[in-house]
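Protein chains in written order, with the working numbering: chain A, 3 to 499; chain B, 16 to 73.
Hints in this document: simulated from the structure, not taken from any laboratory. Any given hint could be a false lead.
Reference listing, derived: stretches of chain B covered by chain A, where coverage requires no fewer than 3 residues with Cβ under 8 angstroms from a Cβ of chain A [said to hold, decoys possible]:
(1) 21-30
(2) 51-59
Under the rule of at most 30 angstroms between Cα atoms (straight-line distance), these lysine-lysine pairs were calculated in the DSBU-like manner [stated by the list, open to error]:
(3) 406(A) <-> 418(A)
(4) 111(A) <-> 48(A)
(5) 48(A) <-> 418(A)
(6) 70(B) <-> 418(A)
(7) 112(A) <-> 70(B)
(8) 103(A) <-> 19(B)
(9) 111(A) <-> 385(A)
(10) 36(A) <-> 111(A)
(11) 326(A) <-> 19(B)
(12) 112(A) <-> 278(A)
(13) 388(A) <-> 36(A)
(14) 103(A) <-> 48(A)
(15) 278(A) <-> 48(A)
(16) 112(A) <-> 240(A)
(17) 19(B) <-> 437(A)
(18) 418(A) <-> 112(A)
(19) 275(A) <-> 70(B)
(20) 437(A) <-> 70(B)
(21) 48(A) <-> 70(B)
(22) 111(A) <-> 406(A)
(23) 278(A) <-> 70(B)
(24) 70(B) <-> 245(A)
(25) 70(B) <-> 385(A)
(26) 389(A) <-> 406(A)
(27) 112(A) <-> 406(A)
(28) 19(B) <-> 278(A)
(29) 418(A) <-> 19(B)
(30) 70(B) <-> 111(A)
(31) 418(A) <-> 437(A)
(32) 245(A) <-> 48(A)
(33) 112(A) <-> 388(A)
(34) 388(A) <-> 19(B)
(35) 275(A) <-> 389(A)
(36) 19(B) <-> 36(A)
(37) 418(A) <-> 111(A)
(38) 36(A) <-> 48(A)
(39) 48(A) <-> 385(A)
Glycine included, each C-beta is placed from N, C-alpha and C at the ideal position.
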Amino acid sequence: MDNLPSLGIGGSLFIALYLASLLVLGFIAKRSLKENTLADFYLAGKGFGFGILFLTLFATQYSGNTFFGFTGATYRNGFSWILCLHFMTAVVAAYLTFALKLYRLSDEKKFLTPCDFIQHRYNNQLLTLLVCLIMIAVLCNFVIAQLIAMGRAVEGLSPIEGTNTFEYGVLGLAAIMVVYGSLGGIRAVAWTDAIQGVILFFGFFFLLILMFENFGSLEQATNILINRDQASGTNYTKIPETKTLISWGSYIISVGFGVCLYPQAIQRIFASKSEKDLRRSLSVMAFMPIPTMLIAVSAGIFALAYFPGLEGPQTDRAFGLILKEISTKSGVGYVMVIVTLSAVLAAMMSTSDSALLSISSMLTKDIVQRFFLPLETQSNLVKTSKKISWSIISILVCLCFILKDNTSLIQLLDRKIDLLVQLVPAFIIGLHCNKLNGQAVLIGIVFGLIVSLVLPFSGFDFVENGKVYGLHAGLIGLIPNTTVALLGSYIPRNRHE
Amino acid sequence: MHRKCYPFLILFSGVPWLWVEQLEITFFGLPLWVLNAIVMSVLASITIAILLNDKNNG
Chain A
3 MDNLPSLGIG GSLFIALYLA SLLVLGFIAK RSLKENTLAD FYLAGKGFGF GILFLTLFAT
63 QYSGNTFFGF TGATYRNGFS WILCLHFMTA VVAAYLTFAL KLYRLSDEKK FLTPCDFIQH
123 RYNNQLLTLL VCLIMIAVLC NFVIAQLIAM GRAVEGLSPI EGTNTFEYGV LGLAAIMVVY
183 GSLGGIRAVA WTDAIQGVIL FFGFFFLLIL MFENFGSLEQ ATNILINRDQ ASGTNYTKIP
243 ETKTLISWGS YIISVGFGVC LYPQAIQRIF ASKSEKDLRR SLSVMAFMPI PTMLIAVSAG
303 IFALAYFPGL EGPQTDRAFG LILKEISTKS GVGYVMVIVT LSAVLAAMMS TSDSALLSIS
363 SMLTKDIVQR FFLPLETQSN LVKTSKKISW SIISILVCLC FILKDNTSLI QLLDRKIDLL
423 VQLVPAFIIG LHCNKLNGQA VLIGIVFGLI VSLVLPFSGF DFVENGKVYG LHAGLIGLIP
483 NTTVALLGSY IPRNRHE
Chain B
16 MHRKCYPFLI LFSGVPWLWV EQLEITFFGL PLWVLNAIVM SVLASITIAI LLNDKNNG
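Excised from the complex, chain A in its bound form (with noise of 0.2 angstroms):
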């Protein structure tokens, strides 16, 4: 990211008060604490209205990612890249098959974790904790990457140039994450995530304003792009080939119903204050890719036409690229790009900060309390919560500095949705069939697990970038799961009747 335009002192105070802020806002959501439970400090008590819902669920679903990844995936593959926004769209629709009904069990059996609802649904102590573990190692994969995202970022972004400006940024955005969700529990991250959907929303805005009146309209961008087509035989604008319809399939399904099962989202359906306002929430989002993921897609085809010629992961840096652009057209260009730098970050903070917390949530009462301190107070749980989390975020950002420039390692842990699609038929079929077993729910998942890991590295000639003719290896896992799952539960009860 060291393209980025670099802040300026204007820039760098902006952003210095919009962290002072969090901060801020860790100490009001403090004095906000109803009970000393894990219930109120995870959960507020069950108390998002719509609004803070709604923006909690903005501001977690879309990461940085979101403007780096997704313009440089557009920038590599050309408008084939569009089905970003049919697997968005497919997160919302996955969840409207199991989150109300899966909140209104959890309103009645007042469930903290994802978890709880494992164990509750299956009574088998050795299936929740394959669960929580796959769960953590997600979301600990998940932290790194972004840590290692806002890293970079302040490294581009930073006007003092110095050799550990990576460290200083990643150790700065971490403690003033962890200081503000210990503080205020989940009240302070969904206040901090109101913030961040809301600057996130605005700069999306004017990213799409600033590009137009830059850049020109998308039709002459599109026509640069037909004319290189026919000239060098590159395919920006054609119909994908076969197997690339295959990949779009497979990641409407395997992107939709791997997001759906964060944890995170899934407290946040917990959190909910009723069903009406989880409802009119997700009523919204179901909207939301369109706008967000046809700027990014914008961005990608506008910097794919007028930046030709990076290749491999330089294409990542195609979105700083059309940032520096607009930036050093006009006053009011710079000061947009800050918002729109701003929104980054706050993209990169609110996905890092509740991926934080679920961790913490579930290690505290999914491993700690459930098998060493059952009879432990609440008061005294929320604390050992709160050490859990200063615990983890050390760990995981001397795991950052490690892995940050050893690209395999990422990659060995790169399989998140792999791993967490693996989780459908414990959580969504669960919930819809009453016959399934816990015995053959994990013995399936085990099935699942070997399945999508062993396939990407396993090195047969049929896997390209983890995937089968297109289909990812998570998809591919999936069926022996689901069939395992199936199986054992039906045959056995057949044979007793």
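With chain A's structure known, arrange chain B on it following the hints.
Then chain B, alone, in the frame of chain A:
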């Protein structure tokens, strides 16, 4: 329950499985197959919103 599959079916129909290449035709700077994908996504969003607000849907 089957109604919850509608948004997925709409999204799948936005994938240009059977489209014929007509590069020279664009609307608002978008190739037709891209426009189709966007329209299907909008339709899927509307369907999700309707299903979410249907009291019989749980």
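Would you check the hint for residue 388(A) and residue 19(B), treating anything up to 30 angstroms between C-alpha atoms as holding?
violated, 39 angstroms
Given the hint that residue 112(A) pairs with residue 406(A), does the C-alpha gap stay at or below 30 angstroms?
Outside the cut-off at roughly 40 angstroms; violated.
Satisfaction of hint between residue 112(A) and residue 418(A), Cα-Cα up to 30 angstroms
holds, 28 angstroms
Check the hint pairing residue 103(A) with residue 48(A) against an upper bound of 30 angstroms on the C-alpha distance.
holds, 16 angstroms
Is residue 437(A) close enough to residue 70(B), meaning Cα to Cα at most 30 angstroms?
Within the cut-off at roughly 26 angstroms; holds.
Take a quick look at whether residue 278(A) and residue 48(A) sit within 30 angstroms of each other, Cα to Cα.
holds, 13 angstroms
For the pair supplied as a hint, residue 36(A) and residue 48(A), is the alpha-carbon distance within the 30 angstroms limit?
Between residue 36(A) and residue 48(A) the Cα gap is close to 12 angstroms, so the pair holds against 30 angstroms.
Under the criterion that the straight-line Cα-Cα distance not exceed 30 angstroms, is the pair residue 275(A), residue 70(B) satisfied?
Distance ~17 angstroms between residue 275(A) and residue 70(B) Cα, so the pair holds.
Taking a Cβ-to-Cβ distance below 8 angstroms as contact, does the stretch 21-30 of chain B have at least three residues touching chain A?
Since 6 is at least three, the answer is holds.
Are the Cα positions of residue 111(A) and residue 406(A) separated by 30 angstroms at most?
violated, 42 angstroms
Measure nothing beyond the straight line between the CA atoms of residue 112(A) and residue 388(A); if it is 30 angstroms or shorter, mark the hint as holding.
holds, 21 angstroms
Given the proposed pairing of residue 388(A) with residue 36(A), does the C-alpha separation stay at or below 30 angstroms?
Between residue 388(A) and residue 36(A) the Cα gap is close to 17 angstroms, so the pair holds against 30 angstroms.
Hint compliance for this structure: hints 6, 11, 16, 22, 24, 25, 27, 32, 34, 36 are broken, all remaining hints hold.
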